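Q: Build the full structure now, drawing on both the sequences and the hints.
Protein chains in written order, with my numbering: chain A, 64 to 458; chain B, 64 to 458.
Please keep in mind that the hints were generated in silico from the structure rather than gathered at the bench. The reader is advised that the hints may include incorrect statements.
Note: identical chains are not told apart, hence a pair may lie in one copy or across any two.
Stated by the list, open to error - Restricting the straight-line Cα-Cα distance to at most 25 angstroms, the calculated cross-link-like pairs of lysine-lysine (BS3-like) are:
#, residue 1, residue 2
1, K232, K320
2, K291, K280
3, K266, K445
4, K445, K406
5, K169, K232
6, K276, K291
7, K428, K409
8, K280, K320
9, K280, K327
10, K154, K280
11, K320, K406
12, K280, K445
13, K406, K428
14, K428, K410
Given the structure is predicted, the values throughout are model-derived calculations rather than measurements.
2 protein chains.
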Amino acid sequence: MESWPPGGSGPAEAGRRPRGLRGADLAASASLLSGAGAEAGCSAPAVAAVLPAGGSGERMGVPTPKQFCPILERPLISYTLQALERVSWIKDIVVAVTGENMEAMKCIIQRYQHKGISLVESGVTRHRSIFNGLKALAEDQPNCRLSKPEVVIIHDAVRPFVEEDVLLKVVTAAKEHGCSDYDLEFGTECLHLALKYCHIKAKLIEGSPDLWKVTYKRDLYAAESIIKERISQQICVVMDTKEDEEHVGHRLEEMLKNELNHVKVTSGRDIQQIILEQCYNFVCVNVMTSDFEETQKLLNMLEESNLSILYPVVVISVQFLDYESVPFGQKMENLMQIREFAKEVKKRNILLYGLLVYYPQDEQKLQESLRQGATIIAALIKERNSGLVGQLLVA
Amino acid sequence: MESWPPGGSGPAEAGRRPRGLRGADLAASASLLSGAGAEAGCSAPAVAAVLPAGGSGERMGVPTPKQFCPILERPLISYTLQALERVSWIKDIVVAVTGENMEAMKCIIQRYQHKGISLVESGVTRHRSIFNGLKALAEDQPNCRLSKPEVVIIHDAVRPFVEEDVLLKVVTAAKEHGCSDYDLEFGTECLHLALKYCHIKAKLIEGSPDLWKVTYKRDLYAAESIIKERISQQICVVMDTKEDEEHVGHRLEEMLKNELNHVKVTSGRDIQQIILEQCYNFVCVNVMTSDFEETQKLLNMLEESNLSILYPVVVISVQFLDYESVPFGQKMENLMQIREFAKEVKKRNILLYGLLVYYPQDEQKLQESLRQGATIIAALIKERNSGLVGQLLVA
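A: Listed below in structure tokens is the structure:
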């Protein structure tokens, strides 16, 4: 995994803090980078990003600096890195963190398998941190894998929801206007400095409402809800039978579609493909079988796919209860082994729940239990509550 | 219930929109109210509040105006009214809503039992709405129960977390500085108007970070999480036995205290008193009995108390399973009647869940099941998921 330069030569070891530079040098220094990528014969990436992440998060009212606060158990900065990594034309990302947090940051990069990230030590101010990041990009050392970029995006580590289109606007404007440093906050000091000290005109790019900054504790709550909502937009229904289109499994699927009309409900014909499409919710419907064999197959596929590295994946194993064949108590007892499965897969960030749906002869009652089943499935997917894994719910 | 003036004479029927007034008249008009409460022999309340709530919530990206968006199924504006009602020295609250939303607003006032609220029709701008509210307070009609206040607080309907201390600062400053209209937003148009047109000096009062405005959809998420957190700060444990301090119920209580160290865990000696203190979480531990009699008593008390009018109350009925006496399946079957209770009390905003805790002889295993029980209780209280009511969870 290429996560940060190993050994002592890369910017990860950047105790080499620039001496005696004023904040104003930041923008000037950044401007030196401009045009570097346009040199003839240079295969360097056109765009890089610098993330100042040395803040202490005082306003948050929590002891952890906000960029390291967990959302669904993953630190906020990892979401921001993910957002930037998704943009294919950002070749290098330099993160400036305090020496104190350097090791923790390395662990984050490794655990969440971030690629193309370099670390530098942050400065005492945000501008110093940015400067250190720019310096790492500007240095053309033999052992350094970083290359001089044409444009450098300065992006806050605590703005996790940045979209490619906004970044593209920034880069396009940077190229057109010759600016060297962009920041999307109105009235930011960076903009002020660029206007004051550079012989170039800074341009303000309108951000989207998504581009907000996690500042207070309430913003962490909001971020968590937004992330939960985003990964709950698709549900894959996996059946243990494919023949009978009329059976109760398909009826449950239809009910899910009706109840969750904003959610895409996919039939799991090709689960590998659906995993590749990053669906984080699976409903494994067992009609023909009354064990966890099908669920186990699905869990194996999920484990192999590494899908759950970034987000918790919800798997709901559904069984039906026909009172006439097996008594409720016995059925429950048989299914309690789900607790052990759940405990095991929880370690790999897969949240497994069981759902037992009554299957009465009476059509109206069946309709009702299917509806309740859909409600429970929706609730489990929406909340992604890790405290309830292994539970067997009854509809 | 005194919720809005009945009949056609009160400001609820305020189709009487002021003619030809400019925005600037607002502050001037407001200044007329200043000192009204100080008149000799006047028993009028000293302070009133006007809530402009006629906005359409365009930025929210949802069809419902943001002040009517539900949080835990209750409209946002009801939380704001609750925050103002709690302040004993605010005698009158005037809400300005569009004619279209007048009936909905009346329903909200009735359903959540808000007191001392008057309704006026909002204007086409925020200032017009405020003006209409002030006008209702200034009018000294015989049929109008409103009295001229000394100070009027203008408060956004979408700032639900306003605290008494901030309001008190505003009122104190208003009295000292003679200002008639205060708004806590820096650079607000109200402040601008007051400075421009009034011969008084407006004073800016520093708000708290809690005083934020629900503007975007993410703010609704944040508000919901904050409210959930606030009502989860206290758990009352009710036991069906009081003698043996060593028994498993007390051990579960101790485990809860350890696991949830930020939460106040109260023993339910005097449940009526605890209900009065507005505790919204109850764990009913059944050690001596294996039915729902104790839970039913608690539910009856909660229903009589009306505690659940404003927030959903969580009740978790805990049973223990001693494998040697009753088989698991049979125990589960016996306890399934909780589903019916839960369905019934859900109608009154009480969220009932069941929890079956294994009671093995092995001390280490018992410790483990108690810990898991505490985790499940914490998860249920934190999420307050209405989709899972009536479920029987197993620790």
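Q: Next, verify each hint and record whether it holds.
A: Verification of the hints:
Taking the closest pair of Cα atoms, K232 and K320 never come within 25 angstroms of each other, the shortest separation being 37 angstroms inside a single copy and 52 angstroms across copies. With identical chains, the CA atoms of K291 and K280 are at most 25 angstroms apart both within one copy (17 angstroms) and between copies (14 angstroms). Taking identical chains as interchangeable, the C-alpha atoms of K266 and K445 are never at most 25 angstroms apart, the minima being 40 angstroms within one chain and 45 angstroms between chains. In this assembly of identical chains, the alpha carbons of K445 and K406 lie at most 25 angstroms apart whether taken from the same copy (20 angstroms) or from different copies (21 angstroms).
Proximity of K169 to K232 under the C-alpha cut-off of 25 angstroms is found in neither arrangement, the shortest distances being 31 angstroms within a copy and 47 angstroms between copies. For a Cα distance limit of 25 angstroms, the shortest separation of K276 from K291 qualifies both inside one copy, at 18 angstroms, and across copies, at 23 angstroms. In the homo-oligomer, the alpha carbons of K428 and K409 lie at most 25 angstroms apart only across protomers (20 angstroms), although the nearest pairing inside one protomer, at 34 angstroms, exceeds that limit. In this homomeric assembly, K280 and K320 come within 25 angstroms of each other (Cα to Cα) only across copies, at 24 angstroms, whereas the closest approach inside a single copy is 35 angstroms.
Taking the shortest Cα distances, K280 and K327 sit within 25 angstroms of each other only across copies (21 angstroms), while inside one copy they are farther apart (31 angstroms). Taking CA atoms no more than 25 angstroms apart as the test, K154 paired with K280 passes in neither setting, with 32 angstroms inside one copy and 33 angstroms between copies. For the identical chains of this complex, K320 and K406 are inter-copy neighbours only, at 24 angstroms across copies versus 30 angstroms inside a copy, given an alpha-carbon limit of 25 angstroms. In this homomeric assembly, K280 and K445 come within 25 angstroms of each other (Cα to Cα) both inside a single copy, at 21 angstroms, and across copies, at 16 angstroms.
Taking the shortest Cα distances, K406 and K428 sit within 25 angstroms of each other only across copies (15 angstroms), while inside one copy they are farther apart (33 angstroms). Only between protomers do K428 and K410 lie at most 25 angstroms apart by alpha-carbon distance; the minimum there is 20 angstroms, versus 38 angstroms within a single protomer.
In summary, the structure is inconsistent with hints 1, 3, 5, 10 from the numbered list given earlier, while agreeing with the others.
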